[in-house]
Structures are given as C-alpha cells and as structure tokens.
Amino acid sequence: MESPERTLPLTSLPTPVVQAFDPSVEYLVWNKENQVFHLKFKGERAERVMNVAIATSVLSNGTILGAELVNQAITALRNGGYLIVDEIETGLNRSLVGTVIELFASPVTNPHGATLLFSTHYSELLDVLRRKDNVFVLVRDDSFKTELIKYSERINRIENKKSDVIINNVIKGSMPKYPDVQAMREYVCEHING
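Numbers in the working numbering are just positions in the sequence shown, counted from 1, shifted up by 547.
It should be emphasised that the hints constitute simulated quantities derived from the structure, not laboratory data.
Values in this document were obtained by computation on a predicted structure and should not be read as measured data.
Beta carbons: idealized from backbone N, C-alpha and C, even for Gly.
One or more hints might be untrue.
BS3-like mimics (lysine-lysine), calculated; alpha carbons at most 27 Å apart, straight line [what the hints assert, rightly or not]:
1) K719 - K679
2) K724 - K709
3) K679 - K697
4) K709 - K692
5) K697 - K724
6) K719 - K692
7) K708 - K724
8) K719 - K708
9) K679 - K709
10) K719 - K709
11) K709 - K697
12) K692 - K679
13) K579 - K589
14) K708 - K697
15) K679 - K708
16) K679 - K724
Here are the in silico distance ranges between beta carbons for each label pair [what the hints assert, rightly or not]:
17) N618 - Y669: 21 to 29 Å
18) P563 - Y669: 21 to 29 Å
19) P654 - E634: 21 to 29 Å
Required output: the full structure, derived from the provided sequences and hints.
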C-alpha cells in the first residue's frame, strides 16, 4: 500500500524543525536559482545536491510532513489565524504531534490567539489538552447517524484521562463495536486458513 504522494516544499527548512523530526540531518537548504536542495547529514563530509524528487525520496515521510506542519503552525501562530489538520498524527511521532498541539496552548508561542482544529484517531493526543471544553467527539449511533458531541457536556469528572474515556467508549459510539471487530477478525482468519 502506497502513501499519498509527498513533495518537499520549495523552500529551505529551518534546521531546528528538520532536526526535531530527523536528528541525522545537519541542514536542508533550497537553492531557488538552480532548483536543487543541498542536504547534509551529520557524520558525512560532503553535502548532497539533488532535485526535489530525489530529496523527497531521501527524507522520510514523517520528516517532510512534520516540517510542513510546523511551518504552517508558525504562520497561524504569527498571525493569529486558524490551522486545520485532518488526522494530525498521520506519519508523525506522537510526541512531536503533542509538541505542536502544545504550541497552540501556550501564551508564549500563541500570543495572538491562533486556533488549531484537528482530527485524530489517537485519543491519547487529547490528553495533551488541558481543557475539556475545546474537545469534540464525532460519534455514530445505532442508526448510523453521525453526531458531534462536546466532551465537557458528557464528561464532568476531571480526573478521567480523555483518552481512557474514548477508548472505553464512555461516550457511546466513539469506538468500533466489538461484534464488528470480531467479524473482521473471523473474516481474515477464514481467508488466511482457506
């Protein structure tokens, strides 16, 4: 199964950002005039000069996605805008995603009130959020209708980890139903064993 096509942005990526996602990179600089990247890895003597396609294939998907996410976050944080990210965890280290989320929660890095709106399949990311009133959960009822539930309207106890509430299906419809998961397992077993 292939990942969606990814391409490096045609710009130099800040070294601290790239190194957060790939500490082996010493620098990655875009040469606009020659339309090439200059990439140097730590421990190597020479830099590599390569076109966009090759540079994209050399770096991991997570490094590229992470650098793009942080660059977009900087734009939103600088201007007080919105950043909307579908499945924020895709291809990224969970800890680094948590760091990006925290950038929007801190008045030091978010002095202009920027908003991060994201979806995720990893409920553990919700534990990074300090408040509950800014968490919404999409649930599907028995008639397959989707509803948006405000977390704080269903869950009053603050000692519960948000991830535990979701994983344990306390907000009904937030997790797959056990019989459906079992049916999938049985289907796979039948097709493996013939």
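Structure-based check of each hint:
1. K719 - K679: Measuring from Cα to Cα gives roughly 17 Å; hence the hint holds.
2. K724 - K709: With a Cα-Cα distance of about 19 Å, the restraint between K724 and K709 holds, given a limit of 27 Å.
3. K679 - K697: 9 Å, holds
4. K709 - K692: 23 Å, holds
5. K697 - K724: With a Cα-Cα distance of about 21 Å, the restraint between K697 and K724 holds, given a limit of 27 Å.
6. K719 - K692: 13 Å, holds
7. K708 - K724: Given pair K708, K724 holds - Cα atoms ~21 Å apart, limit 27 Å.
8. K719 - K708: Holds. K719 to K708 sits at ~16 Å (cutoff 27 Å).
9. K679 - K709: Holds. K679 to K709 sits at ~8 Å (cutoff 27 Å).
10. K719 - K709: 14 Å, holds
11. K709 - K697: Holds: K709 and K697 sit about 12 Å apart, inside 27 Å.
12. K692 - K679: Holds, because 24 Å separates the two Cα atoms, which is no more than 27 Å.
13. K579 - K589: The hint holds at about 23 Å.
14. K708 - K697: Answer holds: K708 to K697 is near 15 Å, not above 27 Å.
15. K679 - K708: Satisfied, since the Cα-Cα distance of roughly 10 Å is no more than 27 Å.
16. K679 - K724: At roughly 25 Å apart (the allowed maximum being 27 Å), K724 and K679 satisfy the hint.
17. N618 - Y669: 21 to 29 Å: Holds, at about 22 Å.
18. P563 - Y669: 21 to 29 Å: 25 Å, holds
19. P654 - E634: 21 to 29 Å: 27 Å, holds
Of the numbered hints listed earlier, not one is contradicted by the structure.
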